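*Asks:* Input sequences plus hints: build the corresponding full structure.
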Amino acid sequence: MADDHWRALMMAAQTGDAAAYRRLLVEVGSWLQSYYSRRLPPSMVEDASQEVLLSLHAKRHTYDPAKPFGPWLAAIARYKWIDRLRAMKDSATEELPEEIPVRDPGEALHSARSLEALLERIKPAQANAIRLVKLEGLSIKEAAERLDQTIALVKVNIHRGLRQLSELAQEESHEA
Amino acid sequence: MKLDSLIDQLAGDLAPVRPRRFWVDASIMALVAVIELALLFAVGFAHLDMHRMMTQPTMGWRIVSLGVISLVSGFLAVRSFDPAYSTRGALRWLALIIAICLASGIVMAGLPTGAASLMQRLDWRSGVQCASKIVLLSIPPLLALAVLGRRGAPTDMRRTPLLIGLAAAAWGAFVFIFACPFNDPLYIVVWYGVGCGIVTLACRFLLPRFARW
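Taken in sequence, the protein lines are chains B and X.
839 is the number of the first residue of the first sequence in the numbering used here; add one for each residue after it.
-4 is the number of the first residue of the second sequence in the numbering used here; add one for each residue after it.
FYI, nobody ran anything at the bench for these hints, they're computed from the structure.
Since the model is a prediction, treat every value here as computed from it, not as a measurement.
Treat the hints loosely; a few may be bogus.
Okay, the calculated beta carbon distance ranges per label pair [said to hold, decoys possible]:
(1) 145/X - 925/B: 52 to 60 Å
(2) 959/B - 121/X: 46 to 54 Å
(3) 22/X - 905/B: 14 to 22 Å
(4) 1009/B - 118/X: 18 to 26 Å
(5) 4/X - 952/B: 27 to 35 Å
(6) 973/B - 117/X: 34 to 42 Å
(7) 113/X - 905/B: 47 to 55 Å
Taking beta-carbon pairs under 8 Å as the criterion, some of the chain B residues facing chain X (in silico) [what the hints assert, rightly or not]:
(8) 852
(9) 867
(10) 910
(11) 917
Note that beta-carbon positions come from the ideal geometry of N, C-alpha and C, so glycine has one too.
*Replies:* Right, dumping it as structure tokens:
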């Protein structure tokens, strides 16, 4: 993250310099794609990056030019990441489509590693349910058969597991 | 929409903005609080026997405790509207301040001698009224903090609403000191605690639904 460079661009953007702003958004957009590719499934990376750019635009007045730009941007990116995890929790009972578009196997690998690190910190029953339904795309019923659990229990495990993941992510973000 | 076309759109929509300043928000908050207090004094809200009340030892304890809690929590709430600011460490100090204030009140109160004495000292009918007035008096600072929070970009949706609730509740209780006829520290710890607790918990659990951005 080129902090001084981005800080200068953001200061110019706050005064209405559209060219500096466009340059900043292009560079930040690319950084965000890299940031989310390590934290989210590939299908969510583009949406999450766009959402942060929209937030950056809406909240650009909250950036204090006297402070570094990196922590400000990283805080917004983390906040939106936690929101994504929370949204995954809210749609815990929705089935994923069988065909999940994967653009880059390298990105998928990074994302899987990052999620796996978080999944190892929650209860195994919850992690297994999330792996099968959210990551492998099995239906709740198929996951219940595979895990030898009732459908209701799988739903509960996914719901609680995703809530835990979101809390862990939030804790990490405020420790960082 | 692709990232490139979104960037084009956002760059096209760009308008100059004035960066948010902590001290401007803090001053707005202080102004709202002072106006609330001044208005209530102006309409005769204050206790008629204020001079005698001010000589009571519990008055100093109430003013200092609630003043410090509302000041510190209000300061932290406004700071937390900056996305990069973490209130985690400061909240521990705030919890310690609250514990010291409560403990000193309990020490001043002394233990009730029996259930009848306890019921008499707590006077639950008046207590419920006091708690509900504290809740009402918390509304103006609460609204002001919520509006400032919407203009800012808080990223901790657990601690920021808690701080907003605590600051508003402590200020509501601080204002109520000047109208409250009760001096028993036990009564104050319990019923002021109930009023402040209701506001703080309501904010902690309800505000995140409206504060997300």
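*Asks:* Range hint 46 to 54 Å: satisfied by the CB atoms of residue 959/B and residue 121/X?
*Replies:* holds (50 Å)
*Asks:* Okay, residue 22/X versus residue 905/B on CB: inside 14 to 22 Å?
*Replies:* Given about 20 Å between the Cβ atoms, the range holds.
*Asks:* At a threshold of 8 Å, is the proposed contact between residue 867/B and chain X supported by beta-carbon distances?
*Replies:* holds (5 Å)
*Asks:* May I ask you to test the hint 47 to 55 Å on the CB atoms belonging to residue 113/X and residue 905/B?
*Replies:* Holds, at about 52 Å.
*Asks:* Does the hinted range 34 to 42 Å hold for residue 973/B and residue 117/X at CB?
*Replies:* violated (55 Å)
*Asks:* CB of residue 1009/B to CB of residue 118/X, is that within 18 to 26 Å?
*Replies:* violated (43 Å)
*Asks:* Would you settle whether the hint for residue 852/B is holds or violated, based on the nearest Cβ-Cβ distance to chain X being less than 8 Å?
*Replies:* With a minimum Cβ separation of about 5 Å from chain X (threshold 8 Å), the hint on residue 852/B holds.
*Asks:* Closer than 8 Å between Cβ atoms is the bar; does residue 917/B clear it against chain X? Give me holds or violated.
*Replies:* Where the cut-off is 8 Å and the nearest Cβ of chain X is about 4 Å from residue 917/B, the hint holds.
*Asks:* Between residue 4/X and residue 952/B, does the C-beta distance stay in 27 to 35 Å?
*Replies:* holds (30 Å)
*Asks:* Minimum Cβ distance from residue 910/B to chain X below 8 Å?
*Replies:* At 5 Å from the nearest chain X Cβ, residue 910/B passes the 8 Å test, so the hint holds.
*Asks:* Go ahead and decide if the range 52 to 60 Å is satisfied by the Cβ distance of residue 145/X to residue 925/B.
*Replies:* Violated: the Cβ-Cβ distance is about 21 Å, outside 52 to 60 Å.
Of the hints listed earlier, those the structure fails to meet are numbers 1, 4 and 6, in rising order.
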